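*Asks:* Sequence:
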Amino acid sequence: MWLEREIGSGGFRDVAQLMNGCDGVVNGIRWAAAHLTCETEHKAALITAAESWQPKEVIDRWTVDPDTPFGDGGAALVMAKDNGIARVLAAVSRTQPKLEGVHRGPRVFGQGVSLPVKLSERSRAFYETSDISRDEAWKMRGDGIGIVIEKVLADAGVARERVARIVLPFRGRQVLEEEYFPYLGDFEPARSSEERGREIGHLGGADPIAALHYAITSGELSSGDHAIVFSEGVGIVQSAVLVEIV
Numbered sequence: 011m012w013l014e015r016e017i018g019s020g021g022f023r024d025v026a027q028l029m030n031g032c033d034g035v036v037n038g039i040r041w042a043a044a045h046l047t048c049e050t051e052h053k054a055a056l057i058t059a060a061e062s063w064q065p066k067e068v069i070d071r072w073t074v075d076p077d078t079p080f081g082d083g084g085a086a087l088v089m090a091k092d093n094g095i096a097r098v099l100a101a102v103s104r105t106q107p108k109l110e111g112v113h114r115g116p117r118v119f120g121q122g123v124s125l126p127v128k129l130s131e132r133s134r135a136f137y138e139t140s141d142i143s144r145d146e147a148w149k150m151r152g153d154g155i156g157i158v159i160e161k162v163l164a165d166a167g168v169a170r171e172r173v174a175r176i177v178l179p180f181r182g183r184q185v186l187e188e189e190y191f192p193y194l195g196d197f198e199p200a201r202s203s204e205e206r207g208r209e210i211g212h213l214g215g216a217d218p219i220a221a222l223h224y225a226i227t228s229g230e231l232s233s234g235d236h237a238i239v240f241s242e243g244v245g246i247v248q249s250a251v252l253v254e255i256v
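All residue numbers for the sequence shown refer to our numbering, where the first residue is 11 and numbers rise by one.
Derived by calculation from the structure, the hints in this document are not laboratory data.
Given the structure is predicted, the values throughout are model-derived calculations rather than measurements.
Each residue gets a CB set at the ideal place from its N, CA and C atoms; glycine is no exception.
Treat the hints with caution; some may be incorrect.
Pair ranges (Cβ atoms, derived) [what the hints assert, rightly or not]:
id	residue 1	residue 2	range
1	144	29	25 to 31 Å
2	76	46	39 to 45 Å
3	84	143	15 to 21 Å
4	156	26	45 to 51 Å
5	126	149	41 to 47 Å
6	145	125	26 to 32 Å
With a Cα cut of at most 25 Å, we get these calculated PhoX-like pairs of lysine-lysine [as the list claims (entries may be wrong)]:
id	residue 1	residue 2
7	161	91
8	53	91
9	149	128
10	161	108
11	66	149
12	128	108
13	108	91
14	53	108
Construct all of the structure, not just a fragment, from the sequences and the given hints.
*Replies:* Listed below in structure tokens is the structure:
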């Protein structure tokens, strides 16, 4: 509602907040595409995401994830039925709820949380009480990346060799090398994702918008290229959108 007020909008419009954490934007693209398809009156949708990691007593940007500092920032994109910088060819999301405790930890809802939030401690506590081992969880998550990528390619009818880059979230080098690169097959990751991630940190849900922007402005992607924008959030939810740069 605050955004609607600021841009002077309102009336018969849909407003929704997606609680998918870092996956909110790519999931939002799916929702917006469906809305614009069935709603003839509306010609465009605004998708925004922003994070401010504070106060440090609740979440310390330097220690919440041992490999990735978290950065404050926001981003926005407009999905329209006519012109734009990229054409959405397909978008998919896949959930793995058996792994939701990796980020929550073993605590039961309503019993309080340990502050400041430290994801490594939560995941360690989860594995100590879960029937899923760390190796099994990593394999499930890694396999999910490949499954989502294959699904978005199949839905769009685009061959793998036509994809110029896969745009990843802003994460640390160790996370990228251990948790993403081994599951990408022959896809070429966008170098700007890693370079910009080191400069500004993980922006949460804003990562996909900013990462695609930097891949285009850096020259990694140009007119006619196909790219996959991948994201994932707590849950675990993994999503991908296949776009063609115009």
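*Asks:* All hints, please: hold or fail.
*Replies:* Hint check results:
no.	hint	verdict
1	144 to 29: 25 to 31 Å	holds, 26 Å
2	76 to 46: 39 to 45 Å	holds, 40 Å
3	84 to 143: 15 to 21 Å	violated, 37 Å
4	156 to 26: 45 to 51 Å	violated, 30 Å
5	126 to 149: 41 to 47 Å	violated, 30 Å
6	145 to 125: 26 to 32 Å	holds, 29 Å
7	161 to 91	holds, 24 Å
8	53 to 91	holds, 6 Å
9	149 to 128	holds, 22 Å
10	161 to 108	holds, 21 Å
11	66 to 149	violated, 32 Å
12	128 to 108	holds, 20 Å
13	108 to 91	violated, 37 Å
14	53 to 108	violated, 38 Å
In summary, the numbered hints that this structure violates are 3, 4, 5, 11, 13, 14.
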